[in-house]
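Here are the chains, one letter per residue:
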Amino acid sequence: MISLSVFRRLLDLYGANLARWPESTRRSARRLRAESTEAERRWRDAQHFDRCLHYFDPQFGPSALARVRAGVLQATRDPAPRPFMWRMLFQPLMAEAALFTTVAVVGLTIGLFVTGNPFGGAGDADVIQLISSIE
Amino acid sequence: MARGMTFGASVVAKRINPDAETVSDGALMAHIADGDREAYAALVDRYLVRILRLAARMVGNASDAEDIAQDVFMRVWLHAKTWRPAKAQFGTWLYRIAVNRCLDHRRRRWFVSLDQAAEVEDPKPGTDAIVFRNETSRLVAKAVATLPDRQRAALILCHFEEMSVKDAAAALALSVSAVESLLVRARRTLRARLETLDLDEVGYA
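Same order as they appear, the protein sequences are chains L and H. Each residue of the first sequence is one higher than the one before, starting from 3 at the first, in the numbering used here. Each residue of the second sequence is one higher than the one before, starting from 511 at the first, in the numbering used here.
Worth flagging that the hints you see were computed from the coordinates, not collected in a lab. Some hints here could point you the wrong way.
To be verified - Covered stretches of chain L, as calculated for chain H (at least 3 residues, CB under 8 Å): (1) 44-51; (2) 55-63; (3) 67-79.
Stated by the list, open to error - Listed next, the in silico EDC-like pairs over lysine to aspartate or glutamate satisfying Cα-Cα at most 20 Å (straight line): (4) H:Lys597 with H:Asp677; (5) H:Lys676 with L:Asp14; (6) H:Lys652 with L:Asp59; (7) H:Lys652 with H:Glu705; (8) H:Lys591 with H:Glu548; (9) H:Lys597 with H:Asp535; (10) H:Lys591 with H:Asp535; (11) H:Lys676 with H:Glu690; (12) H:Lys652 with L:Asp52; (13) H:Lys676 with L:Glu25; (14) H:Lys652 with H:Asp574; (15) H:Lys591 with H:Asp581.
We put the beta carbon where it would ideally sit given N, CA and C, even for glycine.
Okay, chain L solo, but in the shape it has when bound:
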């Protein structure tokens, strides 16, 4: 027969429902309950505790169940958004491209301020004169 301390530990592990105890311990547990008032008292305490736990029984209404079910099933129909093709191709070069663009913009700006008109070059007359001299 199991000892009272083992009986108590099994009560703490499995509760008062002996059907949930390891099969090898059930008969010994019943005998101990029958022979020991302390074991019987411990078992009744455990039974009271199990009945308390029985109250911890959250319920979900039909509308909540239907809502969650619909959400779960809908999610499988919404594939994850695919990245645009250009992003897939150029994503690895984005940092370099940003650096290049920044340098180019800074260079153009400096050129504008330093030379006054970086795009201003030879006039039409100069071009005609240049072509004539070549000919």
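Take the given structure of chain L and dock chain H to it, following the hints.
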């Protein structure tokens, strides 16, 4: 079955009747891994209430439990191919995902400021909210909520979900002896808190 042939003729030819109760979780998962939405719906119907109730017991909040349940099933859909029947039963694998999501949720909530936490905590009364039967159930829920996360998880899996200690250990990624220790501590703590509760007075004797 060839993977990646979601709507191919070979898959259609092997289609199972997902409504049949005899279809095993493993068979449903094999079809889900191939993108079979009917099998997925059958699996959701089979486990939705259990996962919702597990999450509600773990986080103590109906709307959070709904979010967690949706996330859990989404992970099942996305990661069906990673489930290995030889390593864990489907139920154990599912509960592992669910418990981890609940623990993650509570950890994140720990960092939420008190003002924000008050907003999140606010339960929505009505038919959609968790309905506890009476004051007794609220007292028990409150006592369970004060347990450390792993003790609460062990108690919920073993007592409410009626899992064996071995399966609960697999779901929690702990040893059997660790789960036994968690269970003993959880029950002793709760019993001390609830021993003054008179169930006869509330009509449940």
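Checklist entry - For this structure, which hints from the list above don't hold up? => result Per hint list: zero violations.
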